[in-house]
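If you read the sequences in order, they're chains A and B.
Going by the numbering used here, the first residue of the first sequence is number 1, and it counts up by one from there.
Going by the numbering used here, the first residue of the second sequence is number 1, and it counts up by one from there.
Worth flagging that the hints you see were computed from the coordinates, not collected in a lab.
In this text, all values refer to a predicted model and were calculated from it rather than measured experimentally.
Check each hint, because a few of them may be wrong.
Partial list, derived from the structure: chain A residues whose beta carbon lies under 8 angstroms from chain B [to be verified]:
no., residue
1, Pro43
2, Ile128
3, Phe184
4, Gln251
5, Phe271
Ideal Cβ positions, reconstructed from N, Cα and C, are used throughout, including at glycine.
Single-letter residue listing:
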Amino acid sequence: MRFILRNIIRKSRGGAAVKEQIVDAEILLAGRGNDCGVHLPDPRVLLHHAEFTLRKGELYVAPASGADLRVNDNITQMIRLAKGDVVKIGPYDLIVEVNNQQGEVVLSVELVLPLDNDMTRIAAQSNIQTGHFSIRALSWGLALFVAVTFFTVPWVMSVFPDPGPQLNSQKTPLYLTTSTPTAFWSSGDISTAHRFFGEACKTCHVTPFIPVTDGACLSCHKSTEHHADPLKFQFASFEGRACQSCHKEHQGNRTIALSHQEFCAECHQDFNKNAPKSDLLAASDFGTAHPDFKPTLVIDSAIHQVERSQFISASPPPREDSSLDFPHDRHLRVTGVRDPVRGNIKLDCKNCHETDSSGAYMLPISFDKHCHQCHALKFDIYVPDRELMHGKPKEMFKQVSDVYDAIAMRGGYEEPESPPLIRRRPGVQLTEVEKKEALDWAASKTSAILNGRFGKGQCDSCHKIFETPASGGPTGTGWGVEPVSVANAWFPKSRFTHNAHRDTECTTCHRAQTSTTSADVLMPSIATCRTCHGGEHATNKVPSTCISCHGFHRKELDPMKQVVHASGVQPMSTVTKP
Amino acid sequence: MRQSILVHRNHFFLKIALLVSILAIVAYVWHQPFERPNGGTWLGYTLGVAAGGIMIWLSWFGVRKRQYGIGILNLEDWLSGHVYLGLTLAVVATLHAGFQFGTNIHTALYILMMIVIISGLLGLYFYIRFPLLLTENRRGMTTEIMVQQIADLDRELRQLAMNLDDATNAVVLKATQETIVGGSVVQQLRGYDSSCATAMARLFVERSESNGEDARRRQLLTRMVRKEELLKRMRRDVQLRCLLKFWLVFHVPFSIASLVALLVHVVTVFYYW
Numbered sequence: 001m002r003f004i005l006r007n008i009i010r011k012s013r014g015g016a017a018v019k020e021q022i023v024d025a026e027i028l029l030a031g032r033g034n035d036c037g038v039h040l041p042d043p044r045v046l047l048h049h050a051e052f053t054l055r056k057g058e059l060y061v062a063p064a065s066g067a068d069l070r071v072n073d074n075i076t077q078m079i080r081l082a083k084g085d086v087v088k089i090g091p092y093d094l095i096v097e098v099n100n101q102q103g104e105v106v107l108s109v110e111l112v113l114p115l116d117n118d119m120t121r122i123a124a125q126s127n128i129q130t131g132h133f134s135i136r137a138l139s140w141g142l143a144l145f146v147a148v149t150f151f152t153v154p155w156v157m158s159v160f161p162d163p164g165p166q167l168n169s170q171k172t173p174l175y176l177t178t179s180t181p182t183a184f185w186s187s188g189d190i191s192t193a194h195r196f197f198g199e200a201c202k203t204c205h206v207t208p209f210i211p212v213t214d215g216a217c218l219s220c221h222k223s224t225e226h227h228a229d230p231l232k233f234q235f236a237s238f239e240g241r242a243c244q245s246c247h248k249e250h251q252g253n254r255t256i257a258l259s260h261q262e263f264c265a266e267c268h269q270d271f272n273k274n275a276p277k278s279d280l281l282a283a284s285d286f287g288t289a290h291p292d293f294k295p296t297l298v299i300d301s302a303i304h305q306v307e308r309s310q311f312i313s314a315s316p317p318p319r320e321d322s323s324l325d326f327p328h329d330r331h332l333r334v335t336g337v338r339d340p341v342r343g344n345i346k347l348d349c350k351n352c353h354e355t356d357s358s359g360a361y362m363l364p365i366s367f368d369k370h371c372h373q374c375h376a377l378k379f380d381i382y383v384p385d386r387e388l389m390h391g392k393p394k395e396m397f398k399q400v401s402d403v404y405d406a407i408a409m410r411g412g413y414e415e416p417e418s419p420p421l422i423r424r425r426p427g428v429q430l431t432e433v434e435k436k437e438a439l440d441w442a443a444s445k446t447s448a449i450l451n452g453r454f455g456k457g458q459c460d461s462c463h464k465i466f467e468t469p470a471s472g473g474p475t476g477t478g479w480g481v482e483p484v485s486v487a488n489a490w491f492p493k494s495r496f497t498h499n500a501h502r503d504t505e506c507t508t509c510h511r512a513q514t515s516t517t518s519a520d521v522l523m524p525s526i527a528t529c530r531t532c533h534g535g536e537h538a539t540n541k542v543p544s545t546c547i548s549c550h551g552f553h554r555k556e557l558d559p560m561k562q563v564v565h566a567s568g569v570q571p572m573s574t575v576t577k578p
Numbered sequence: 001m002r003q004s005i006l007v008h009r010n011h012f013f014l015k016i017a018l019l020v021s022i023l024a025i026v027a028y029v030w031h032q033p034f035e036r037p038n039g040g041t042w043l044g045y046t047l048g049v050a051a052g053g054i055m056i057w058l059s060w061f062g063v064r065k066r067q068y069g070i071g072i073l074n075l076e077d078w079l080s081g082h083v084y085l086g087l088t089l090a091v092v093a094t095l096h097a098g099f100q101f102g103t104n105i106h107t108a109l110y111i112l113m114m115i116v117i118i119s120g121l122l123g124l125y126f127y128i129r130f131p132l133l134l135t136e137n138r139r140g141m142t143t144e145i146m147v148q149q150i151a152d153l154d155r156e157l158r159q160l161a162m163n164l165d166d167a168t169n170a171v172v173l174k175a176t177q178e179t180i181v182g183g184s185v186v187q188q189l190r191g192y193d194s195s196c197a198t199a200m201a202r203l204f205v206e207r208s209e210s211n212g213e214d215a216r217r218r219q220l221l222t223r224m225v226r227k228e229e230l231l232k233r234m235r236r237d238v239q240l241r242c243l244l245k246f247w248l249v250f251h252v253p254f255s256i257a258s259l260v261a262l263l264v265h266v267v268t269v270f271y272y273w
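Work out the full structure: start from the sequences and follow the hints.
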């Protein structure tokens, strides 16, 4: 059987070359394999792609297993071919040109889909040209995003009124949620005390582009006092300085009070030069440059005259004239003291000295609470249920007189030395003469008691007694008790908290065990404080700055600034409604 | 040999940048405000004005490089100054902020600015390092030569696979037709192709059982290895050239955004003064 293959090769300029090939075979294989009668050298063709056979004069074509064979564009299995049929094998078209009964078949073979040019294809498939970025569009987009997010939205929102200070608001504070867009403009966290209204920018920032004025501060802080008497120390009046020149906001969750000792030292370092009229001494660092303490003492208890002149560590030490005679050493004896009820007991500081509710200062000593249990002011063993009235000499004299007048009228007094009239059985009626005799006895007994060991003598054991002419004094007895006058605070210009020092023994600072008289000022010198405390920059001690002990705005002075209501600023009390 | 912009004019701009930075640091250390150091002290305002001025000058480089031959400084001066003062800006702006950061526009500006500076540093590194890497990688060949070589290899591969089994022939055909270099920006930047058709074909040939065509298979393999090596270099070439331009995608848009943020920063600071 003979197949004539007409290989057609198209020319680029048009026209075609035809190369004939005669193959004698029973079965004509088509494929890219060398053994194929129809050799189709293209990788897209299978090794053995299809086979042509003649059966009873009919031409058939069949694909190899799994091969893609198309006849007249239909995917087919074995099929009979007629003249003019187009068989597609990969990129080749095989056209049946002659198929006659003489067993002669003419097939034209043409590569209709040649492979691309490799270089062109690689270049086309691969993008090796770099740098096609739309930087301009990105720039516009990002710039717009920043402008809208960071400015336009917050600004539009800021036009709407602030919620105002919400003193009792349960809302989550702004600094936690940044719930209002203008929070995004905040230059830093708001200080601890101001955080609760921090989301209301306009509370302080009243007018755009105008720095915060004092008016905003004074709407709450009306009474903030001067630092020094502005009439005496003009330069310390801080006139013309805005509140915020010292109190800087948006510095984080902390106080906005200045605590730097250098701030104080600016004036107080060379204080005698800066303020020659002041009796304060120069100070700039608690640990290294601070004078010793000068206690404010009572120097005349009668008129409560106080003076502040001597250092606590001076020699001889400063003494206070309190008119009280109280020896600490005898009360703090290690062997104890005798209590009339409990027997021998050992006292310590806390038995008498208690801190106030703030834990800072000590409450005043009270006779009834602290002394009376041991020092009951009984004056007559035959009147065991009566005690002298403490603290009120005039009433006390009257009280004793009344006690003996009553005894004289009633009788039954058991003292053996007293007249029978006074010792009489109670209930016996007295004549007018006897009454006068009894009252005379009462007057002389009163005088004897008051001037004796259990009257004047008993007062004298703790108090200073003053003598007057016989007809003088509160009741004409010729003597009186000077009022006790103790300084409320020996260091009134400093703050001290006992509570913070509660783990320290009292005697570390107060040398009470060896004090024989209440004239001793049992306050520590700066050396004692410095065993633990240093200046602000101390590294081996507790750093203590000026305002650890001293206040800047002094409560005893007038307000520093006149309250002027800035436009739009309302005092907070009028804004807050329940 | 061209002098690097880093040593341009005997480090003139490095000296200026160091001087400004050291001055700023010394002033910052010396200045002890009673509050935390911040942009609102006199030094804070000074550093802020300086930082803002530097930012605007640095941005002007984008305009200046599009203009030809004007001004006293030539473009290399500008670039040298741009690099060094850009680094100075990081110092001055950080000191202006007093190391305070938060959830606000001011820190947002700082972040935008730092993105610009860091991307600029990256770009500088690319410009210094990549020319050498590119030359080394190309080994004297141009892109066209490499493409031509790959095309030649493809033809050889197809020829060799022609008489091998259909499966092998198919993967080789796929390798010659579907292997690509570069592509999208991500593909370009990646520098390798995890599903490279040539690599797949090589693996297939390596693993397939031999059936008497050992010599031909070996030839096929050596050519595919050679092609892969060429592909690797071409992809590296594309990657490097892409990176040389890609850093600008961050540098330029973020610098424009920084300028807007700078304006917002200044306005808002004084809006709520």
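Right, here's what the structure says about each hint:
1. Among the interface hints, the one on Pro43 (chain A) holds; its C-beta lies about 4 angstroms from the nearest C-beta in chain B, closer than the 8 angstroms criterion.
2. Taken as an interface hint, Ile128 (chain A) checks out: its beta carbon lies about 4 angstroms from the nearest beta carbon of chain B, inside 8 angstroms.
3. Hint status for Phe184 (chain A): holds, given a least beta-carbon distance of 5 angstroms to chain B, under 8 angstroms.
4. A hinted interface residue such as Gln251 (chain A) counts as satisfied when its beta carbon comes closer than 8 angstroms to some beta carbon of chain B; here the least separation is about 5 angstroms, so the hint holds.
5. Interface hint at Phe271 (chain A): violated, since its Cβ lies 19 angstroms from the closest Cβ of chain B, which is beyond the 8 angstroms cut-off.
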